[in-house]
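Chemist: These are the residues of each chain, in order.
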Amino acid sequence: MKRKKSIKERLREWDADAFDLTERTAGPMHPAPAAPEEEKPEEPPAPERETRLGSRALRILYSVLAALFGTVMLSFLLATASELPPYGAAENPVHNAVSERYIRDGMRETGAVNIVAGVILDYRAFDTLGESHVLFTALTAVLILLLGEGVHRESTGQIRMQQDRIVTNTASVLTPIIILFGVYGILTGHLGPGGGFSGGSIVGAGLILHSVAFGYDRLGRYLNIKTFRIVCFAALAFYSLSKCYSFFCGANGLHTVFSPGVPGRILSAGLILPLNIAVGVVVACTMYGLFSVFQRGKI
Amino acid sequence: MAFSVNFPLFSIVLCLLCAVVSSLLPSKAARAVSIALCAALAAGAACLASYGVSVGKATEYLMGHYPHPWGNELRFGVLEPLLVSVFAVVMLLCLIGGKRYLAADLDPEKSNLYYVMCDLVLVSLTALSYTNDLFTGYVFIEICTIASCGILMIRQLGRTTLASVRYMIFSLIGSGLFLLGLILLYAVTGHLLMPNVKESVAALWAEGRYRTVLLMSMALITVGLGVKSGLFPFHFWMPDTYGYATPSSGGILSGLVSKGYILLLIRIVYGAFGTDIFYRSGISNVLFVFGACGVIVGSISAAREKDVSRMVAYSSAAQIGYIYLGIGLSPGMGVLASLFHILTHALTKPLLFLSAAELASCAGSRQRAVWRGAGHINRVAGFAFSVGAFSMIGIPLTMGFVSKYRFALAAFERPLLMIPTLIVLAVSTVLNGLYFIRVVVAIYLPPERRTDRVRITDHPAYAVCAIAFTAMNLAAGIAALPIVRLLESSLTLL
Chain H
72 MKRKKSIKER LREWDADAFD LTERTAGPMH PAPAAPEEEK PEEPPAPERE
122 TRLGSRALRI LYSVLAALFG TVMLSFLLAT ASELPPYGAA ENPVHNAVSE
172 RYIRDGMRET GAVNIVAGVI LDYRAFDTLG ESHVLFTALT AVLILLLGEG
222 VHRESTGQIR MQQDRIVTNT ASVLTPIIIL FGVYGILTGH LGPGGGFSGG
272 SIVGAGLILH SVAFGYDRLG RYLNIKTFRI VCFAALAFYS LSKCYSFFCG
322 ANGLHTVFSP GVPGRILSAG LILPLNIAVG VVVACTMYGL FSVFQRGKI
Chain W
3 MAFSVNFPLF SIVLCLLCAV VSSLLPSKAA RAVSIALCAA LAAGAACLAS
53 YGVSVGKATE YLMGHYPHPW GNELRFGVLE PLLVSVFAVV MLLCLIGGKR
103 YLAADLDPEK SNLYYVMCDL VLVSLTALSY TNDLFTGYVF IEICTIASCG
153 ILMIRQLGRT TLASVRYMIF SLIGSGLFLL GLILLYAVTG HLLMPNVKES
203 VAALWAEGRY RTVLLMSMAL ITVGLGVKSG LFPFHFWMPD TYGYATPSSG
253 GILSGLVSKG YILLLIRIVY GAFGTDIFYR SGISNVLFVF GACGVIVGSI
303 SAAREKDVSR MVAYSSAAQI GYIYLGIGLS PGMGVLASLF HILTHALTKP
353 LLFLSAAELA SCAGSRQRAV WRGAGHINRV AGFAFSVGAF SMIGIPLTMG
403 FVSKYRFALA AFERPLLMIP TLIVLAVSTV LNGLYFIRVV VAIYLPPERR
453 TDRVRITDHP AYAVCAIAFT AMNLAAGIAA LPIVRLLESS LTLL
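Residue numbers (my numbering), protein chains in the order written: chain H, 72 to 370; chain W, 3 to 496.
Read the hints as simulated data drawn from the structure, not as lab findings.
Model, not experiment: these values are computed from the prediction.
Errors might be hidden in some of the hints.
Every beta carbon over 10 Å from chain H, so not counted as near; a handful from chain W, in silico [as the list claims (entries may be wrong)]:
(1) Asn8
(2) Gly58
(3) Pro71
(4) Leu122
(5) Ala189
(6) Tyr212
(7) Arg213
(8) Val429
(9) Leu447
(10) Ile458
Below, simulated PhoX-like cross-link-like pairs (lysine-lysine); rule was C-alpha separation at most 25 Å, straight line [as the list claims (entries may be wrong)]:
(11) H:Lys297 with W:Lys30
(12) W:Lys101 with W:Lys30
(13) W:Lys200 with W:Lys59
(14) H:Lys297 with W:Lys112
(15) W:Lys101 with W:Lys112
(16) W:Lys112 with W:Lys30
For every residue, glycine included, the Cβ atom is placed at its ideal position computed from N, Cα and C.
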């Protein structure tokens with residue numbers, strides 16, 4: 072077994088790799104700077120000449136202070152929690168004109184039987200617009216971190232999916248049901264419990280189960296990175312543009328072409344159904360994409 | 003209502019679209035899209051700011067068909083569009099100026115993703131500036147956190163990965179505290195839109211109900227945003243994050259991202275808590291103390307640092323300290339000084355990071371010890387670094403002088419805090435002088451060996467960016483009064 076390198080040694084190696092400014096190597100290489108403190112980022116950097124005894128005393132002091140600070144904060148927070156309005160009481164400040172209008176007029180104004188869908192996709196649709204881009208941002212960040220490492224990992228053979236009969240058989244029965252249920256959740260999000268976020272994550276889970284059971288190759292035929300990007304682009308661009316139109320109309324006092332329709336019908340509630348589909352697609356893509364990138368470094 | 007009031011909505015949607023489109027485009031096209039986007043946003047925000055000046059009042063813009071307290075809203079006077087346009091210009095110059103390093107540091111396979119992240123940082127800064135809704139603020143804080151980690155870790159070295167892990171941990175602690183504060187505030191007020199929150203908070207405070215909860219939520223929101231922007235004692239992620247990122251990212255992260263959070267804090271203090279209550283609660287004094295400590299500790303850490311990029315990064319901790327010190331001093335003059343310092347820092351720090359990288363590539367290392375004569379080899383970078391350094395020290399004719407002068411003026415409003423503020427200003431100016439002048443002197447010493455001079459035409463992109471930053475800094479430093487007046491009038495619209 073190879074001896075594990077200490078953090079200091081590893082940092083030194085990184086520095087040697089990183090700051091050899093290759094454009095002009097005429098200058099002398101700098102000596103590796105002192106490694107910054109690792110365990111205690113909240114302490115000022117300890118000078119190198121400090122003895123081991125000193126750093127141990129510092130560490131004890133540090134943990135005592137941390138415990139003290141934690142206790143004080145805990146008591147403050149407990150005091151705060153004890154003053155909060157009781158959970159679910161009728162006269163709480165949150166039961167005000169805001170929720171009253173959501174509950175009373177929500178169905179008439181947005182056309183959605185499901186009040187939650189009406190709130191997140193109509194009353195407060197801008198938040199949800201941001202929220203769906205959070206997923207896109209997260210997927211992109213993970214791609215930045217891990218993309219391209221797949222080759223390396225597969226060659227070292229660290230990850231090899233095992234085809235297990237129990238998993239394969241169960242998955243072949245369950246996957247269609249799960250995906251169908253997710254799609255149902257997305258499509259009826261404005262009528263009952265469900266919606267883009269929950270339905271999309273169910274679809275994503277179905278895709279993940281399928282890829283775990285049967286490997287990536289079968290799914291990969293039509294779910295590669297290109298399809299992912301195009302699908303995400305289409306869904307998010309549709310979301311942004313349609314909401315831009317609706318916000319623009321709302322702010323300037325114009326009528327939109329989207330009407331609430333007859334609450335309870337599948338084709339009702341204006342933009343909520345298409346937006347649920349867009350959100351669901353993005354969520355499913357992100358779920359499967361994150362799993363796939365973490366598992367093997369590519370989609 | 004002029005058509006330009008729609009610009010915030012258009013700029014947010016445009017940023018989101020550009021981000022999503024850029025993920026499909028090749029890297030060069032994505033870069034062009036980002037640069038065009040920054041330019042468009044700056045122009046639109048400038049129009050809006052001039053509209054705000056001409057109207058003389060803030061505009062509330064419905065995001066949908068429902069007014070507050072039911073639907074989302076944007077709100078903008080003069081300050082918000084002004085800062086957005088500065089942010090967009092700075093990002094534009096960062097992307098242009100760091101071109102050479104971006105080409106070297108980014109993996110060509112995913113370099114388009116860098117621009118996706120830049121677009122997302124820009125949209126979150128825009129939305130944080132314009133939002134009138136606390137929860138929208140949180141959503142875009144999330145985007146900003148992830149996207150800023152993205153532009154940091156795309157330079158895939160061990161150090162940057164380590165730095166981004168640390169940055170992410172601190173940043174998430176900040177987001178968590180902010181969210182906790184928001185929940186407490188919602189539980190006792192029942193509102194998320196700032197005007198309604200302000201009303202309820204004032205009523206509750208007058209009745210004396212839920213005092214602890216209100217105090218705690220104010221403290222959590224303030225501390226959360228403070229952690230995210232690097233207020234002492236939470237500034238230890240700064241040197242690695244800013245120092246090891248690719249220079250463009252270093253500039254964007256230090257110059258813009260932390261400012262977005264501070265701007266949100268100022269808007270929350272004015273728009274949601276109300277200055278009366280916030281400044282009576284004592285939290286402002288805590289901010290003052292931590293800001294002052296940050297100024298001193300950041301300067302001392304910077305003075306001990308031998309790596310110039312890390313030194314510049316530690317100096318950011320001191321500058322953030324100044325901004326919080328100003329916010330802690332007083333609502334009128336103090337916040338005004340902070341706002342001016344936000345501009346100063348946003349225009350100076352990216353210049354310093356880019357110039358430090360340029361000089362380091364002349365000298366062959368980022369260590370101060372070998373920089374002797376680098377200013378002769380690369381004259382543009384040397385001059386730009388000197389101007390930036392002078393601005394950070396606070397030498398007249400630069401923006402830094404004006405902001406320090408405004409801090410001193412603000413200090414006279416609070417007799418009790420006057421002496422400490424002046425002492426902090428004096429000590430930190432001496433320390434800043436100590437470590438910046440040392441570098442400036444070193445780069446202008448005669449070089450030890452003859453090396454070919456770097457001409458302007460060798461790195462035209464950097465030269466453009468350095469000249470623009472320097473010119474803006476000097477112009478704003480010399481003709482500071484109109485800017486101060488503009489900021490002063492915009493504060494009344496918050």
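Chemist: Far enough from chain H: is every CB of that chain over 10 Å from the CB of asparagine 8 of chain W?
Modeler: violated, 6 Å
Chemist: Once the closest CB in chain H is found, is it more than 10 Å from proline 71 of chain W?
Modeler: violated, 5 Å
Chemist: Is it correct that the beta-carbon of glycine 58 of chain W has no partner in chain H closer than or equal to 10 Å?
Modeler: holds, 20 Å
Chemist: Would you say alanine 189 of chain W is clear of chain H, with no C-beta pair closer than or equal to 10 Å?
Modeler: At roughly 6 Å from the nearest Cβ of chain H, alanine 189 of chain W sits no farther out than 10 Å, so the non-interface label is violated.
Chemist: Tell me if the straight-line CA distance from lysine 297 of chain H to lysine 112 of chain W falls inside 25 Å.
Modeler: Roughly 14 Å separates the two Cα atoms, so the pair holds.
Chemist: For the pair supplied as a hint, lysine 112 of chain W and lysine 30 of chain W, confirm whether the alpha-carbon distance does not exceed 25 Å.
Modeler: holds, 11 Å
Chemist: Holds or violated: lysine 101 of chain W with lysine 112 of chain W, Cα cutoff 25 Å?
Modeler: holds, 15 Å
Chemist: Is the nearest CB of chain H more than 10 Å from the CB of leucine 122 of chain W?
Modeler: violated, 5 Å
Chemist: Given the hint that lysine 101 of chain W pairs with lysine 30 of chain W, does the C-alpha gap stay at or below 25 Å?
Modeler: holds, 11 Å
Chemist: Checking a non-interface call: every C-beta of chain H should be farther than 10 Å from the C-beta of leucine 447 of chain W. Is that right?
Modeler: holds, 15 Å
Chemist: Check the hint pairing lysine 200 of chain W with lysine 59 of chain W against an upper bound of 25 Å on the C-alpha distance.
Modeler: holds, 18 Å
Chemist: Holds or violated: lysine 297 of chain H and lysine 30 of chain W, Cα atoms, limit 25 Å.
Modeler: Given pair lysine 297 of chain H, lysine 30 of chain W holds - Cα atoms ~18 Å apart, limit 25 Å.
Consistency with the previously given hints fails for numbers 1, 3, 4, 5, 6, 7, ordered from lowest to highest.
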